[in-house]
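Undergrad: What follows is the residue order along each chain.
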Amino acid sequence: MHHELYDRRVIFVVGKGGVGKSTVAALLAVALAERGKRVLLAQMGPGRRLGELLGVAVETDAPTEVLPGLSFLTIDGGMALAEYLALVLPVKRLHRLVVTSKLYHHFVAAAPGLKELMTVGKIWYEEQLESTYGRKWDAIVVDAPATGHSLQYLRMPEAALEAFGPGLVRREAQKVVDLLRDARRTVVCLVTTAEEMPVNETAEIHTQLRDRLGLPLGVLFVNRVHTAPLTPEEIPALSGTPRLVHDVLRCAREESGWAAINRRYLARLQTAVPLPTVALPFLFAEEFGLREVRALLVHAEGQLAALPSVVGRDA
Amino acid sequence: MLGSLVRDHRVVICIGSGGVGKTTTSAAIALWGALQGRRAVVLTIDPARRLADSLGVASLGDEPRPVEPSVLACHGLHARGSLAAMMLDQKGAWDRLVARHAPSDEVRERILKNRFYVHLSQSFAGSYEYMAIEQLCVLVESGAYDLIVLDTPPTKHALDFFEAPQRIREFLDRRLVRWLVMPYLSQGWAAAKAMNRTVGFLFRKVEEATGIAALAEISDFFSAMSGMFDAFAARAQTIQAILHAPTTAFVLVTGPEEQVLTEAEFFSQKVRALHMPLKGVVFNRVHEEFPADPAMFPGGTVARADEPAIAAAMVAAGVARERVPWLASNFVDYQLLARGEALRMEEFRSGLPRRAPFVSVPNFDSDLHDLAGLRRMHRYLFARTEHAPEPSVAWPEPAQARRAPLEPSASRAQPTLRRRTRAEKPPRSPRR
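So the protein sequences, as listed, match chains A and B. Numbering of the first sequence is given in this note's numbering, commencing with residue 1 and proceeding in unit increments. Numbering of the second sequence is given in this note's numbering, commencing with residue 1 and proceeding in unit increments.
Do not take every clue at face value.
[Unchecked claim] DEER-style ranges, computed between Cβ atoms: (1) R263(A) to V71(B): 28 to 36 Å; (2) E68(B) to F284(A): 42 to 50 Å; (3) R264(A) to P308(B): 32 to 40 Å; (4) G299(B) to E234(A): 52 to 60 Å; (5) G299(B) to V56(A): 58 to 66 Å; (6) T271(A) to S142(B): 22 to 30 Å.
[What the hints assert, rightly or not] A few chain A residues facing chain B, derived, Cβ under 10 Å: (7) Y125; (8) L129; (9) D247; (10) I261; (11) F288; (12) G289; (13) A300.
Hints were generated in silico from the structure; no laboratory data involved. Think of the CB as a built atom: it goes at the ideal place given N, C-alpha and C, for glycine as much as any other residue.
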């Protein structure tokens with residue numbers, strides 16, 4: 001049950017808002033941790049979804065171990081910048097002078113892209129970290145923000161390369177770009193649901209990542225797939241039945257309706273997004289937490305093991 | 001339930017996290033306005049292609065495209081007003097903004113060719129939000145519409161969106177520019193250092209970090225833009241005025257899932273903190289909880305253990321035996337899911353302003369991306385109570401509910417829960 005996805009150092013999980021990126025990111029992180037790896041699960045930018053999923057009450061600005069071998073971190077661009085400046089300006093007084101100055105706050109709030117650059121930079125920094133046992137993290141799983149913002153984050157290091165002349169930022173940006181493009185270390189996984197809008201957006205982001213950003217692409221996860229043994233047409237008519245039977249048939253109609261939609265868009269994904277695909281079932285769970293993530297992982301593992309070995313190939 | 005909200009407002013801004021049906025809801029609201037006689041326009045970010053097609057505006061562009069009355073007539077709809085749709089074009093909008101405010105052709109060209117500007121307008125995060133709000137401003141000022149529905153970017157960065165005007169102003173702050181650019185241009189580094197130690201130090205660091213070229217570019221950008229600052233500042237004020245106008249309504253669009261609701265809470269707190277209160281909440285894709293016959297389900301709700309009894313009832317009604325197990329287990333799945341959703345929605349609701357109308361739209365059995373789908377939504381978005389789905393449930397109404405406009409789906413939830421959540425709130429102290 002091994003897949004080369006698990007050999008990458010950095011896995012970005014990208015997709016439209018609301019399709020279950022956090023779920024897939026958590027699933028991959030749990031899978032890696034269960035293989036005995038030291039895993040960092042990093043959430044880019046604000047938001048509470050991933051924290052809720054892991055049962056962590058607050059956003060954490062330092063890696064916090066939430067499960068054996070699995071640490072969680074929320075990366076805030078402003079914080080990452082302050083941290084970065086502390087590295088560049090080792091003299092404490094100077095650092096404090098800069099960070100507390102009004103101009104700095106104006107500049108940071110206003111300078112477009114700076115926070116994004118620092119966020120991606122922080123992931124690079126964590127990737128490089130050494131501990132007494134070698135690398136601090138065996139793998140970093142990144143829960144990226146909704147598509148539009150993800151692209152902006154992933155594009156920033158390159159944009160910085162173009163925008164800045166030779167200097168420190170340019171050198172740093174180059175290192176980050178090198179990491180992002182290195183198919184041996186990095187892989188970008190996509191998440192979608194099998195419905196019209198998410199599928200259209202996923203096809204678009206796939207093209208952008210492959211052709212414009214040249215990033216190594218991995219697996220497409222299709223989340224919340226409904227299945228039903230009956231098609232909508234096979235469900236008996238609703239009229240004239242007792243109340244309970246009527247309600248039961250309505251639920252069946254709803255489920256088989258969504259199953260039909262999912263089937264149609266899974267077929268479209270095969271041509272629109274030519275990546276090895278893992279389908280995750282819709283779970284009828286009253287609450288969604290780690291237990292549900294583990295249940296989905298069981299579905300994912302079987303499919304991953306059967307996937308062709310194409311992860312990280314050149315696009 | 002959103003009827004009066006739409007009637008009493010000129011601008012409706014739909015907010016919420018991604019994937020909850022904001023675009024569809026926005027389109028449904030604008031269509032309803034048009035049917036009611038308004039000159040309506042929907043400004044969208046990310047239309048479903050099928051929706052754009054069905055409106056006959058396949059090529060949504062950066063200008064409002066009218067939806068032909070004949071397209072509506074095909075669906076048996078006769079708009080007393082009009083409907084238009086447009087899609088946000090980020091690149092074009094920045095260029096038009098510059099073109100509109102540049103004092104001369106020469107300045108305009110200088111800005112448009114500036115490398116810093118090119119990146120600012122195309123690559124950098126946040127500019128999407130600037131542009132959405134800028135377009136809203138243009139539509140309001142045009143006077144061509146009396147109902148403008150804005151579908152906001154699908155983003156966790158709600159902050160960016162609402163604070164965009166403020167950020168534009170800060171970014172282009174005259175003082176900031178004077179600090180950052182003028183000494184560099186006029187007096188050079190020595191003067192900057194003498195003026196302010198911190199600034200001088202930061203300048204040196206910025207220059208080291210970025211390389212001179214970038215700073216010179218930025219300086220050039222700012223000096224070219226300097227003639228436009230007043231126009232931008234005035235713009236930011238106009239935008240603030242629109243966002244805070246009594247005729248502007250914020251509507252939160254969300255779903256009933258746990259994680260989505262966590263974010264919805266964030267949005268709701270955010271707009272309240274910015275003094276732009278929510279005037280409505282739409283729950284999309286809600287699984288319907290059917291009333292359970294107490295004779296058959298003693299607890300009043302359907303449980304997993306009821307599957308055999310349900311299956312037996314199906315067989316008795318003449319449903320083919322081999323289909324019954326799935327039908328029964330699927331029903332229990334749905335009802336358990338629906339119960340969880342109802343409880344979560346009720347809890348969410350207890351934290352909202354009392355008077356905000358609260359609408360739930362069912363999951364249906366297909367996704368809604370065409371005119372017929374929008375009409376289906378109207379039944380729930382704009383229904384009076386008596387048209388609402390499955391109104392036969394006889395939950396006792398708590399006395400207080402009559403004061404707040406309650407949705408039937410919400411009134412179905414157990415009243416005990418609502419009473420408990422109210423009781424948990426600290427009593428208002430009659431301190432003088």
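Undergrad: Of the hints stated earlier, which fail here?
TA: 4, 5, 6, 7, 8 and 13
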